[in-house]
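S.K.: Build the full structure now, drawing on both the sequences and the hints.
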Amino acid sequence: MRQVRRRRWLAVGLAALAVLALASLVIGSRSIPLAVMIDALRAYDPRNDLHLVIWELRVPRLITAVLAGAALGLAGAIMQAVTRNALAEPGLLGINAGAAVAVVLAVTLLGLTRPAHYVWLAILGAGLAGAAVFLLGRAHETGTNPVRLVLAGAGLSVVLGAITGIVILNAPPTAFDDFRHWAAGSVESASFEAVAVLAVMVAAGLVVALTIVGGLNVLALGQELGQAVGAAPRTIWLFACLAVMLLAGAATAAAGPIGFVGLIAPHLARAVAGPDHRWILPCSALFAAILLLGADLVGRVVAAPSEVAAGIVVALIGGPFFIMAVRRFRVSRP
Amino acid sequence: MSMPVVLRIGPFSLLWRPRTALVCVVLAGIGLALVVVLLGTGTLAFTPAEVVAALFGGGENQMAERVVWGLRVPRVVTAACVGAALGMAGAIFQSISRNPLGSPDIIGFTTGAATGAIVQIILFGAGPFAVSLAAVLSGIGTAALVFLLALKGRVTGGYRLVLVGIGVGATLSGVNTVLLVASDLDRSVSAQLWLAGSLTARSWSHAVPAALSLVLIVPIALLYARRLALLEMGDDAASQLGVAVERTRLAMVMTAVGLTAMATAAAGPIAFIALAGPQLARRLCRSPDVPLLPGAAMGAVLLLAADLISQRFPSGLNLPIGLTTGLLGGIYLLWRLTRDEKV
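Sequence order for the protein chains is W and V. If you're matching positions, the first sequence starts at 1 in the numbering used here and goes up one per residue. If you're matching positions, the second sequence starts at 1 in the numbering used here and goes up one per residue.
Just so you know, these hints were derived from the structure itself, not from any lab. One or more of the hints may lead you astray.
What the hints assert, rightly or not - Derived, one-sided and incomplete: chain V residues facing chain W with beta-carbon distance under 7 Å:
hint, residue
1, L163
2, G167
3, G174
4, T177
5, L180
6, I217
7, P219
8, L222
9, L327
10, L337
Virtual Cβ for every residue (Gly too), placed ideally from N, Cα, C.
M.R.: Encoded structure:
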């Protein structure tokens, strides 16, 4: 029964992703006829304006949204599994805040304004923040309390947020202007340059995640029980943290701090796929990609010819969804 | 744990613990010392003796009197009231949510108050009074929304309240970001300044409403304090002991929201006082009671100390108080995590 249901949902999800992908190539401040779009994909003509729009703007944007979304979904699912906390997501563990500080410093001190230039710093910031939370939360200790990790993340987020605020307030207004656009969480300024970095990082994160997918199932039983059936929680923890840093760091660098995607997608995935992480991870990545791509599309449509950043749309749609989920499903179990 | 003492006056009885009382007195002393130092700190520096003389009008220094009474007393009063309000509100929220993280900044009320303020600043370019009023109203509105959305079968449940609060907070934070991004740079910068939380240029028009609402709200909170402590045992146990669970929760949520909204209106969103104040107070008191008064005293001391640090900070860095508390509070939380064996 469950197998059939999982396959059906996976098929529906993939179909939805395909439709959204097509729509996101066609719809925008300049809507492009379907025939021209197909032409551009089959026989690219650099002298054609519309072909240029599709290849230089919309394709990288599409790939960024899908990759960043999938990365956030995977990161959220892994974090919820290892912390056994239904509210865990990259934002909560300080990883967004770490990337944000790095970006702020890059923009104000180094004068870097293009994502492809500060993407490395953002990943470094996310990684350092993740490592700090990992060490402060004593994630490496066996039998550790998962609440400690979340608390460390919350504490670090506030410290880093305050540093970000101090730098921003003491910087020239133009730096603040650059930063507020990045901080809204947008895939608008995607380029192939940045997409390449993102793709490599996400692939690396995915490989790490795949090595521990069975371990996540064991860890979901809880530290003591997991150890009793012979899992090595330390190794699983280490790999999980590495995967989260790569995935969330790359996504945040490419698209800005985006909340809720890493929170909602794993919940949807669990509702559809059940408790097995070999199903939860792919479903979560798929649903997260749909969410972010959909949000990007909605942001382009509702405010046309202007745009609302995908991160904001996710927050505006994700908040009510999250509240509904809290009321409907039993995520409110402590 | 120290032994409780019960005072009875006619039909009223008051249970208090000597250790808790001692903590409150010591904190009040530290707070007063900070106030004297703060009143002497600024572009013009005065000695404690000059400050005391200026306060009671006996000094020769006309300038000191004018600066102290005209500029610094309102600021210090605002800081003390805001800190106390946040400390008490934090104690209530942490108790209701049975969660040390259940402070008003985390469950969305501060964000809600900020939304009202930002709307005023960005859409209408409003002055300080309109901004404060909007912050209070939208803070209360957000709380009502969170409470209604958390209701299910006429029961809110501590955990659902926190989760719904996080959801509402995140949605509103999206609204706030839309406004910040969409507006022109000048207004966006001034909204960002408000969002950083500040005590600069607080006048009596900030201090008097803050003090008045504290006088109004605190007695209500103290009246429900015992019932709140019983609620921590769980809804079922508390109702078997005769506590009207939902009514107590609603009343306490509303008082805590009132305190938070007032604080936010007076000084902007200020992080971590509501989280750290009650936790530190509970640690010092070692009592099973909800640390309402000690939490308030600790909140006031923390905010006054943070203000002193902000003002004495070397170099010309612009360091708003809300960011100072965020920095120090976060470091406190992280430091505690490295020290504590159990969280």
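S.K.: Does each hint fit the structure? Answer for all of them.
M.R.: Hint by hint, here is what the structure shows:
1. L163: 4 Å, holds
2. G167: With Cβ-Cβ at 4 Å, under 7 Å, it holds.
3. G174: At about 3 Å, which falls below the 7 Å cut-off, the nearest Cβ of chain W leaves the hint on G174/V intact, so it holds.
4. T177: 5 Å, holds
5. L180: 6 Å, holds
6. I217: 26 Å, violated
7. P219: 32 Å, violated
8. L222: 29 Å, violated
9. L327: 4 Å, holds
10. L337: Given a least distance of 5 Å, the restraint on L337/V holds.
The structure does not agree with the numbered hints 6, 7, 8 stated previously, though it agrees with the rest.
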